[in-house]
Amino acid sequence: MASLELRNVVKRYKSQTVLDNLSLTVADGETLVLFGPSGAGKTVLLRLVAGVIDPDEGKILIGGEDMTDVDAEFRGVGMAFQNFALFPHMSAFDNIATPLAAKRSSQSAIKSGVESVAKLLKIAHVLSHKPRALSNGQKQRTALARALVGSPPLLLLDDPLRNVDAKLRFEMRLELPRLLADRGATVVYVTQDYKEAMALGDRIAVMSQGVIRQLGTPEQIYREPANIEIARLFGDPTINLLDVKPARDARGIYVGLSNVQIHLPDAPETAIGRDCIIGLRPEALHFVGDNEPGAIPVTVEAETPLNEKIVTLVRTVRGREILVSRPAGAPGRDEGKAHIAVDGKSALLFDHASGERIGAKNIVKLRNGEAA
Amino acid sequence: MEHTSLLERILRGIALTLVVIFFMFPILWIFMMSFQTNETILRIPPQLIFEPTLANYTALITGKLMTAAGTLDIAFMRNLWNSVFLSVTSVAVSLLLGVPAAYAFARHKFRGSEDIAFTLLSFKFAPALLVLLPLTLYFQKLGLANTYIGLIWVYQLICLPLILWIVRGYFEDIPADIEYAYRIGGHSWFATFRKIALPLAGPGIAAAGLLAFIFAWNNFVFALVLASADKQPVTVGALAFITSSGIQYGQISAAIVLSITPTLALALYAQRYLVEGLSLGAVKG
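Residue numbers (our numbering), protein chains in the order written: chain A, 1 to 372; chain B, 1 to 285.
Just chain A, with the same shape it has in the complex (with noise of 0.2 Å):
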């Protein structure tokens, strides 16, 4: 068992800055998430941890013990990597028992180690095989094994889903939660599939340019994305931003969206007057009936049935396209005039030059009020 914490690291190539004053802490038995675009200093990060690369500056605290100075053999923790790094002239079976052939582990112990991990991960049946003759998936699976073989209390996983088809990504995001849950250890993973966070992750870091940009949960980073670019990247389909001013009337702040008032109840009085970007997710509206009031009139352009949602693309009167997704067998049109409805509720509003989110600071403060 083992918390983990970075107190204020800084990790510079040449001149750029790859992690800028980064600090971090994971509780003990908790899965932190690390998304963000590529570059972002993600697997940086990792590899910080697991002790490959050395900060410039900072701390690296692994179990309340500082592992700044520690090499990496010494750190005991268990890394996976995006492009497997398994070792090619050794078999499934030599490579997954690496960790505990260095502990000195007996014949018998390392046997029934790697057979037991191999089992769990449906890898038993190709121990023999080299790498090369792996599938992607067996590939993938024997990389996870060998990190999990030791039973490290501090577990890096650095996009292990990435090299993998779509239908053994999906498998494997069901079976991982359990997986990791079962061993109870803290996990640090990183993903750029947010999905992936979302399903994996007990808290999730959004980081971009080695700084982080957001961290909470991932109902957090969906309802209350603290930037444009957050909401962007969570959510498909995309989130539709649109230009509006709010203003006020006798029923509160409200904005115009093809001459229809859309009233916000939640936004804060500092919106009012100001170049702002609302942001409305594709499953916040809904098809109503014309003679709804707040009733958007839009055209129907396109409309790409998903299975178990339906994406509409619809053209406002002013020309605005906006994306409508809808559970399979919900009420809907596809094609010619229609209507939308908008729940004010659920709408998000973005400072146009700055793309921060309006009164970002105050909901999270309410939230961490709430929880004490």
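Everything labelled a hint here was simulated from the structure, so no lab data went into it.
Under the rule of at most 27 Å between Cα atoms (straight-line distance), these lysine-lysine pairs were calculated in the DSS-like manner:
#, chain 1, residue 1, chain 2, residue 2
1, B, Lys-195, A, Lys-111
2, B, Lys-195, A, Lys-103
3, A, Lys-122, A, Lys-195
4, B, Lys-195, A, Lys-130
5, A, Lys-14, B, Lys-109
6, B, Lys-231, B, Lys-64
7, A, Lys-103, A, Lys-122
8, A, Lys-59, B, Lys-109
9, A, Lys-167, A, Lys-119
10, A, Lys-130, A, Lys-119
Chain A is already provided as a structure; the job is to place chain B on it using the hints.
Relative to the frame of chain A, chain B by itself:
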């Protein structure tokens, strides 16, 4: 390949034959000369049909060279042994020093590492003759002239840069993640070097060693200046066939055949590794 016409194939065959004849002819001719006496070799016009003789080989192996002017002692077998000893030992020393150095240059960017690596390579730039005069003077002062140790030391100028630069490329081709994975698994850097880096760069190390062996074997100038008769390799020893009573073409040819046989055999045996090793990165995927 699937769309080649008959004409194309014939032309290609002719072109290939010409190339093979062009490159193989000297070797074939030398091979034939080695079975002839000086008289038949020097006959004009040269003849393709002759009565083969093993006299040249017997002379070389027994060390007694019969010339018109009388019997001459030659140290060919001794030279051949010198060649083997000098080349094998030089390559062994180079591998021992060069492979760890190559690993250090590939994996650890320390201050001045590029400069040191380049300096080692620059040994190959200087003309050997330029280096030789001062080297000879030093070696005479140090008592290293005409010793095996001295020669092996100088041969490092040939082998070490070659091995260092080729093997370094192989180590760099090994994805760093593979070594990281082994380290994180709980192994020291030295175990990682032995169990991961060395086996994965194996083909490259073999190829570099083989090339260095061939270069060392073929060396002429260093040995000519720094070694006297009993330490000379075959390349220098062949000079003994230019005698006062004429050039012994038959024996020279036989000597060439005998001296290229080991390198040729080695190259043929290791051909696969050599091509594989030099053309393709050691590990992919």
